[in-house]
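Student: Residues per chain are reported as follows:
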Amino acid sequence: MSWLPTSVSGRIYTALLLLLAAAPWIILWADQPFLLDLLSRGLILAIATISLNLILGYGGMVSLGHAAFIGIGAYCVGIPAYYDIYNGWIHLLLTIVVSAAFALVTGTICLRTKGVYFIMITLAFSQMVYFTFVSLEEYGGDDGLVIYLRSDFPAFMTMDGPVALYYWIFGVLLLALLLVHRLVHARFGRVIVGSKFNDERMQSLGFNTYRYRLACYVISGVICGIAGMLLGNFTSFISPEMMSWIRSGELIFMVVMGGTGSLFGPLMGTGAFVFLEQYLPEFMKLLRESWLEYWHLPFGLLLVALVLFGKGGIHGMLTRLDARRGRTESD
Amino acid sequence: MTEPILRITGLCKNFGGIIATDNVNLEVQPDIIHAIIGPNGAGKTTLIAQLSGQLRPSAGRIEFNGEDITHHSTASRAHSGLARSFQITSVVLPMTLLENVMLAVQGTSGHSYRFWRPVSRDQEMRNQAMEHLTRVGLGDRVHRLAAEVSHGEQRQLEVAMALAMKPRMLLLDEPMAGMGTEESARMVEILSGLRGDKTILLIEHDMDAVFTLADILSVLVNGHIIATDTVENIRGNLEVQKAYLGEEHA
Chain A
1 MSWLPTSVSG RIYTALLLLL AAAPWIILWA DQPFLLDLLS RGLILAIATI
51 SLNLILGYGG MVSLGHAAFI GIGAYCVGIP AYYDIYNGWI HLLLTIVVSA
101 AFALVTGTIC LRTKGVYFIM ITLAFSQMVY FTFVSLEEYG GDDGLVIYLR
151 SDFPAFMTMD GPVALYYWIF GVLLLALLLV HRLVHARFGR VIVGSKFNDE
201 RMQSLGFNTY RYRLACYVIS GVICGIAGML LGNFTSFISP EMMSWIRSGE
251 LIFMVVMGGT GSLFGPLMGT GAFVFLEQYL PEFMKLLRES WLEYWHLPFG
301 LLLVALVLFG KGGIHGMLTR LDARRGRTES D
Chain B
1 MTEPILRITG LCKNFGGIIA TDNVNLEVQP DIIHAIIGPN GAGKTTLIAQ
51 LSGQLRPSAG RIEFNGEDIT HHSTASRAHS GLARSFQITS VVLPMTLLEN
101 VMLAVQGTSG HSYRFWRPVS RDQEMRNQAM EHLTRVGLGD RVHRLAAEVS
151 HGEQRQLEVA MALAMKPRML LLDEPMAGMG TEESARMVEI LSGLRGDKTI
201 LLIEHDMDAV FTLADILSVL VNGHIIATDT VENIRGNLEV QKAYLGEEHA
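Heads up: the protein sequence lines correspond to chains A and B, in order.
Per the working numbering, the very first residue in the first sequence carries number 1; after that it's consecutive.
Per the working numbering, the very first residue in the second sequence carries number 1; after that it's consecutive.
Since the hints were derived computationally from the structure, they do not count as laboratory data.
For every residue, glycine included, the Cβ atom is placed at its ideal position computed from N, Cα and C.
Incorrect hints may have been included.
[To be verified] Computed spacing ranges between beta-carbons, pair by pair: (1) ILE88/B - GLY115/A: 50 to 58 Å; (2) ARG121/B - VAL134/A: 29 to 37 Å; (3) ILE88/B - LYS311/A: 44 to 52 Å; (4) THR9/B - ALA124/A: 40 to 48 Å; (5) LEU302/A - HIS205/B: 48 to 56 Å; (6) ILE246/A - CYS12/B: 50 to 58 Å; (7) PRO94/B - ALA305/A: 19 to 27 Å; (8) ALA147/B - ASP152/A: 46 to 54 Å; (9) CYS12/B - LEU136/A: 50 to 58 Å; (10) SER135/A - GLY10/B: 56 to 64 Å; (11) PHE115/B - THR6/A: 26 to 34 Å; (12) PHE115/B - GLY300/A: 35 to 43 Å; (13) LYS311/A - GLY178/B: 25 to 33 Å.
Please model the entire structure based on the sequences and the hints provided.
Tutor: Following this line, the structure appears as structure tokens:
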């Protein structure tokens, strides 16, 4: 592996990661603390979309319930904190165990179905979790729960302060990217990708694809759960709203915008989504004061255009740039 | 005679009122090419689908290598050494030929819960895959995408994938389907090269190919096997000619 990528997309992604690594210093220097907030939230969502892309992009499992894992992770911080347990290792362990268990139980059932049935059943399960938390009066019901202190990792990295939390998030993002990259190129990932395109053939080659897909679903759920744990720490306020099906839909959109089945696609898609969501209203306001509230219209049109014309999302467009330059390199 | 590698007893399959497989009894001897011929709609593909596990028989018993596999899953049959190719080309189109065959090698070589090491660095698997690709004459285009190569080459890829599963027995469902004369001739050559090495159960429409390749022929008509014999005897069999080759030949 060469350290200097030759493709346009490779160079852009490398530059992006370097920029993200240096971002807090640039932002502090420019005295724009709000930007760090926006970036932190974006990167947390990016971890969630990277996990969704693992099952959706590489495995062809379109889940409309992935936000449930974000909620589970967030409540794995919120509920212990409610009882004054702030030990981060406990939060992390709880997040991993609960997300994995939820993924295992629901995946066992969901993965027996295909296509639109899979979409519907993942949606149903996530709505079950959503309404369970709405009805838990003890933990605030649909009013949510305030987390007064961040997860504490004694003798490890602290999460206190926006910069420390940012590097936590950035670190987890790098780990998630590395994990997905290794997974999809290892034997395990080849089975997942193969069964996306031709499941019957994979079975006749001797793979029990159901079990591999289930394992993949669990891994994806755990990564997304950890994103939720970070989100709980970031917002300091959690509510069932975090796991609504609308959020699950947005996650799918981010993956599709960025380019399904590519390593950096979800990161790009999330970036574009969060950026538009933040700045499009302001741009509309600039055009005419009263247009501000209609920002969803150009937003929707942009998304439609991107899906229609940007085949393969942002990643697809970048690789086409490479192809035009006569180079071929996949990530 | 030696012990048959595959024994089918009283196999029946009906879809509602339609009887697709009607009390089939068949024994396949090891290391020969055994062909099943029969007119369109005779139930050849239904029979193969039951052997490979995609379809569950309504009644009857399938023994492979002395083991009752009637209720085994497709994946577990593959592990016992039964590999099939598909009548309609079924490969992973967005992958290269090499990647396809490496998947086939991977399928029957231990589990795939390996999450970290890239398969591209698995030299052993790669060498095996290359060997099978070379054997079917695709050695010079292994990095082409399966979607980009010709139909004939996809059929060759099917055979390479079946071989890569290190099967004791190959179930080939019309390997010459949709092929031109030249492509067919190449496939006949490839399959002849496997004679004596693998047991092959061949389902094929192309009569010239069948008569060249097969050691034993079974004739399937309306889901029922009406004759099993050597090629010469089948050619001389009046009943077969009437049922299959048409009245005018009789």
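Student: Mind checking the hinted window 50 to 58 Å against the Cβ distance between CYS12/B and LEU136/A?
Tutor: holds, 56 Å
Student: Between ILE246/A and CYS12/B, is the Cβ distance one that fits in 50 to 58 Å?
Tutor: holds, 52 Å
Student: At the C-beta level, are PRO94/B and ALA305/A separated by a distance inside 19 to 27 Å?
Tutor: Cβ of PRO94/B to Cβ of ALA305/A: about 26 Å, so the range 19 to 27 Å holds.
Student: Range first: 40 to 48 Å. Now tell me if the beta carbons of THR9/B and ALA124/A are that far apart.
Tutor: holds, 45 Å
Student: Could you see if the CB distance from LYS311/A to GLY178/B stays within 25 to 33 Å?
Tutor: Holds, at about 30 Å.
Student: When you take the CB atoms of PHE115/B and GLY300/A, is the distance between them in 35 to 43 Å?
Tutor: Taking Cβ atoms as reference, PHE115/B and GLY300/A lie about 39 Å apart, which means the hint holds.
Student: Are PHE115/B and THR6/A spaced within 26 to 34 Å by their CB atoms?
Tutor: holds, 28 Å
Student: Quick one: are ILE88/B and GLY115/A within 50 to 58 Å, going by C-beta?
Tutor: violated, 20 Å
Student: Holds or violated: the 44 to 52 Å window for the beta-carbon distance between ILE88/B and LYS311/A?
Tutor: With Cβ atoms ~27 Å apart, the hint is violated.
Student: Can you tell me whether the CB distance of ALA147/B to ASP152/A sits inside 46 to 54 Å?
Tutor: holds, 53 Å
Student: Holds or violated: 48 to 56 Å for the Cβ distance of LEU302/A and HIS205/B?
Tutor: Taking Cβ atoms as reference, LEU302/A and HIS205/B lie about 53 Å apart, which means the hint holds.
Student: Confirm or reject the claim that SER135/A and GLY10/B have a C-beta distance inside 56 to 64 Å.
Tutor: holds, 57 Å
Comparing the model with each earlier hint shows violations of hints 1, 2 and 3; every other hint is respected.
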